[in-house]
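The hints should help you fit chains U, X and H with the ligands onto chain D, whose structure is shown.
One letter stands for each residue in the lines below.
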Amino acid sequence: MEASLYRMVRLIRRFEERCVELVRSGDIIGGIHPYIGQEAIAAGVCAALRFDDIITSTHRGHGHVLAKGADPIRMLAELCGKVTGLNRGRGGSMHAADFSKGIFGANGIVGAGGAIATGAAWAFLRQGGGDKVAVSFFGDGAVSQGVLLEAMNLAALWKVPVLFVCENNGYATTLTVSESVAGTICGRASAFGIPSSTVDGMDAAVVFEAASAAVESARRGEGPAFLECLTYRFDAHHTWEHKARVRYRPAEEEVSGRLRDPVEIAGGRLDPAERESIDEAIEALLDEAVAFATTSPAPDPSTALDYLYGSAVLP
Amino acid sequence: MEASLYRMVRLIRRFEERCVELVRSGDIIGGIHPYIGQEAIAAGVCAALRFDDIITSTHRGHGHVLAKGADPIRMLAELCGKVTGLNRGRGGSMHAADFSKGIFGANGIVGAGGAIATGAAWAFLRQGGGDKVAVSFFGDGAVSQGVLLEAMNLAALWKVPVLFVCENNGYATTLTVSESVAGTICGRASAFGIPSSTVDGMDAAVVFEAASAAVESARRGEGPAFLECLTYRFDAHHTWEHKARVRYRPAEEEVSGRLRDPVEIAGGRLDPAERESIDEAIEALLDEAVAFATTSPAPDPSTALDYLYGSAVLP
Amino acid sequence: MARLSYLKALQRALIDEMSRDESVFVLGEDIRVGVNNVTTGLLAKFGPQRVLDTPLSEQGFTSFATGAALAGMRPVIEFQIPSLLFLVFEQIANQAHKFSLMTGGQARVPVTYFVPGSGSKTGWAGQHSDHPYGLFAHVGVKTVVPATPADAYGLFVSAIREDDPVVIFAPAGSLGVRDDVDLETLSAVPLGVGTIHRPGSDVTVVAVGHHVQTALAVADQLEGEISVEVWDPRSLYPFDWSGLAESVNRTGRLVVIDDSNRHCGIAGEILATAAEQMRLTAPPRRVTRPSGAVLPFALALDLACQPDAEQLVTAVREVAKD
Amino acid sequence: MARLSYLKALQRALIDEMSRDESVFVLGEDIRVGVNNVTTGLLAKFGPQRVLDTPLSEQGFTSFATGAALAGMRPVIEFQIPSLLFLVFEQIANQAHKFSLMTGGQARVPVTYFVPGSGSKTGWAGQHSDHPYGLFAHVGVKTVVPATPADAYGLFVSAIREDDPVVIFAPAGSLGVRDDVDLETLSAVPLGVGTIHRPGSDVTVVAVGHHVQTALAVADQLEGEISVEVWDPRSLYPFDWSGLAESVNRTGRLVVIDDSNRHCGIAGEILATAAEQMRLTAPPRRVTRPSGAVLPFALALDLACQPDAEQLVTAVREVAKD
Ligand SMILES: Cc1ncc(C[n+]2csc(CCOP(=O)(O)OP(=O)(O)O)c2C)c(N)n1
Ligand SMILES: Cc1ncc(C[n+]2csc(CCOP(=O)(O)OP(=O)(O)O)c2C)c(N)n1
Ligand SMILES: [Mg+2]
Ligand SMILES: [Mg+2]
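Chains as they are written, first to last, in UniProt numbering: chain D, 1 to 315; chain U, 1 to 315; chain X, 1 to 322; chain H, 1 to 322.
Hints are computed from structural coordinates only; laboratory data are not their basis.
Take the hints with a grain of salt, since some may be wrong.
Stated by the list, open to error - Ranges of calculated distance between the beta carbons of each label pair, as one might list FRET restraints:
| no. | chain 1 | residue 1 | chain 2 | residue 2 | range |
| --- | --- | --- | --- | --- | --- |
| 1 | H | R3 | X | K321 | 55 to 61 Å |
| 2 | U | V206 | X | T122 | 37 to 43 Å |
| 3 | X | R178 | H | L303 | 35 to 41 Å |
| 4 | D | D131 | X | D308 | 57 to 63 Å |
Since the model is a prediction, treat every value here as computed from it, not as a measurement.
Quick reminder that beta carbons are idealized off the backbone N, C-alpha and C, glycines included.
Extracted from the complex, chain D is given alone in its bound form (with noise of 0.2 Å):
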């Protein structure tokens, strides 16, 4: 478990790196919010779930999709906007999906997941002869945002099979987090009678064992369950930053916030050869993910609104 928590942990950030690369040199158009510093919570939540669970992710979206199992290959593609992509090219960065993995997608709305999520999960009940559950996350900005209060409170009242996890980043964008929630992140959660914890996100191993403990009281029938997890943001909030130089955080808290490493202390657990073999092939993977995304062609034109319905009417 240790090394494979470590391998996710690392492929992500340096996922997210070659991500930023790629931005810089225009493969990747729009940018993307990159996930690194956050990477421990994608790999903890989703080593508790299995293959036909399913979750739904945010704006800041990769760690997810690539934890809960996407091929970082068409992800990239996805990303750089090829037809070869996850999505074909349609979804990039902030709609990467793969539904044949249990993956409901990346989402630009803040807090649009947790109804998504919870309507997935009691879907699995209705349909009986298994335990599949949903998890849903979202940021510390989208506990203040309606419909996801809402879908807590139907996710408790159906007793959904539902992991509703929080990434407090200390940041919605610029704004702290002490001046977007009155009260707690938890709070929220007790006020629907939603169990809830607060972890070090920081720490893959932790989030894992917390995740497993709420997905299998979900498992078992006793509804939804809440996580928050403490983290921060180590990069900008989004790549246009990078040019935008807005100041907003503490330099002293970019400083202290980068201390712990989710990498590091993922990696300080494993013998520095099996790192190290983790790391190349890592790093062989993502190199073929760059050949791949960037030579694959991009999608004609002439195809722009395929898919836009299910049923092929023409309007």
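Coordinates of chains U, X and H with the ligands only, in the frame set by chain D:
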């Protein structure tokens, strides 16, 4: 105070009973949501308010509008769709308003008033020089509305002098509170760090006392407060039930729910002679209101779009 | 032949689809009791797992339905008030509608949004009297407005079977319509196919929803003077442009009657497409609510904001004389 | 004369109105830092009570603004993404917009809703690339789309001063536009008044927002071949119908270019009204996004969904030859 509380409770009761008759006679079209049974809440809360405070109300709004000081005569004319009505016949039951009395209107959308009241109360703070407060009334159904929860967060964050009053009558139309509220109603307030209490909503004196304390703390700058008032709706959700005869409340509950009657509770504290003279004055007033409402002219169809815009641009 | 009401037709469609397909379920407010008379009795028939009374959390339960649909279910949501669709506009237009394209065809969101009693119910005033079908048509969500019991049945069935989100408006003015229908022949009505309710040769009147009845009455009234063809699009999006062209190219004259706001509404879309692509021999006309209308409470004002037979007669006479 | 950018013009309008009128304040997400470059520096100038960073509670703060407006303030809300307007559609269309009529004129809701960077920002994909102005125009909320720095200034100022809710879209494609303007002459531009950017005699091209630039380029390109008049409505609602009629009745030919979905969009409204009321000598045309479009991520697909100069040239040539 006892006499004036009784007077308002009784006025609302009789006003509503007259309305039900006018619905039957066809003078009020579209029907109403009778406030019968819940009068003590409007009466008690509004007795704690000043003329220059403001309220937002609900689909079941007659009680609030009257208790905050609207003229019953022009109110009834409004319900009958007459030009002499509070809203010149444009609003009707679900939108009755009197801005000159701080009545920001009944509202057809459940939960919509909370954020409006919060914004108004914040404006009072900004405008300075006073200690005005706002009150938002809503039902138990509204505490599952995202926008109301969002408003509570804003109010708490910005220490806005707004009082949230939840009238828990056990049902949102046909849905029971236990089927719609996971956790507790006051738990919603706690989630945002808003102090709350639950009181007997059948006793206007009790409501008045609790509301006074909450209003005074808001006036002192201590931010929002939340009051849950336990009550029972004696009549139908809406007058269409009088014809439709849907069944969703157990017969015994309908009997026991009516045992404690706000009119009797408030009236029992008065000298019978005083009570009788109040009752008589109310009947006289309502006779006048009915005569005025039924004989006032209806608006001219050619004025259908008057007041559509504040600046008179014809699109 | 049986006498079938529009309301009963809707109910029958829902029951038939729920019986046929386990994945269909219905959710909404007060639907167990059935305050809107469509879901009445369904709880007893299908149980609480398929007839789900929701808290007043429209946004939450709309995206809940999206999630359930993504997981293989076919939710039908009943909304009590047309303006509740405003409240969930993001969840429908920005989430449910966009999944298919944005995922490159991986995802399907077969949800039906259903409003029994859209438009003015008389005396329900400003926030309860909208007819916002044009909004959904504009963003590209499939939108249907049946006018007859058979179409109410057939379009509701199709909406539920459709693999995309579909909004179905059942106008308050249509709920009481009754027709003699052979129950055996009730069947799915495909989306995007209009119908001629009454053939004519001088003027094509396109009527939406309950104004099909208005148009039929006006056609009767003008009989002998002007031969009116009454054409009903049934789906506002997708729209049966070739069906319309067939009629308009024959009559050369077009009037639309539509109970929604004029500016950027479906009537304008029809006039625009006709002006671009069809053979018009006279300027077309539309009879609609005024632009930006908010329905006032008082009856006379409420009615003054809605299109009516008299306005339609005037418009038909105008285009006929050009 | 100074070189003024569209973005700076917006900022100047906001600063001028906040300086002039104590009751004006601005709220929205990340506006203190000013991530959209319009509100940058306002915090230092006006303080935190007039530059309010909000949590991600769009519905809450939109109706909060309504309440503040009812209590006498003039809020300006900045929205980071056009589709956030979907999220608050109920709060704008069903609450803010309806107060005036429903209260019989007792209440005024002077709120400005402001989207800097509407439409496609290139690569922001399906949920960040909408141009939903037609939705607001349909429900009757005043809607403006400035195309030049001077109009950005003048329409923003008017929107803030207006006693009704106004939505102002600043297209991503316009933010970089710069013009030489005499700063002294910057002034309020009234709502509902269009403008001719370039006179012409053969074809009226109505262009919305950043497509004014497209239309001007096309007019240049066709110079000598076809004389194109470029007319900009500036307000989509209220609409300057008489201004448009003046142009169309002169040229007899009409093409509209508009970056929103075709079906039930503003381009359709313009064609419809022209067909009803103006003297057209050839069928009109519109160049728009496809009906129901969801913008795909990949650049080539994103661009394929937006109207462009080439399509406009084709359409102008078509109407000119008829
Ligand atoms: C409903 C909504 N409001 C605003 C935005 C614009 N926006 C995108 S990300 C973001 C901040 C989100 O903060 P948080 O939820 O803490 O996630 P983080 O970015 O920190 O991962 C904002 C305001 C949006 N996408 N959706
Ligand atoms: C947002 C919204 N959803 C649904 C409705 C339809 N509706 C009107 S009143 C009501 C029940 C409200 O229950 P509650 O808040 O408890 O107030 P009560 O009627 O008990 O006074 C419903 C569902 C509405 N008006 N607004
Ligand atoms: Mg955050
Ligand atoms: Mg209730």
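Hint check results:
Our hint of 55 to 61 Å for H/R3 and X/K321 holds, since their Cβ atoms are close to 57 Å apart. A hinted range of 37 to 43 Å for the beta carbons of U/V206 and X/T122 is consistent with their spacing of about 40 Å. Our hint of 35 to 41 Å for X/R178 and H/L303 is violated, since their Cβ atoms are close to 52 Å apart. Between D/D131 and X/D308 the CB atoms are about 59 Å apart, so this pair conforms to the stated range of 57 to 63 Å.
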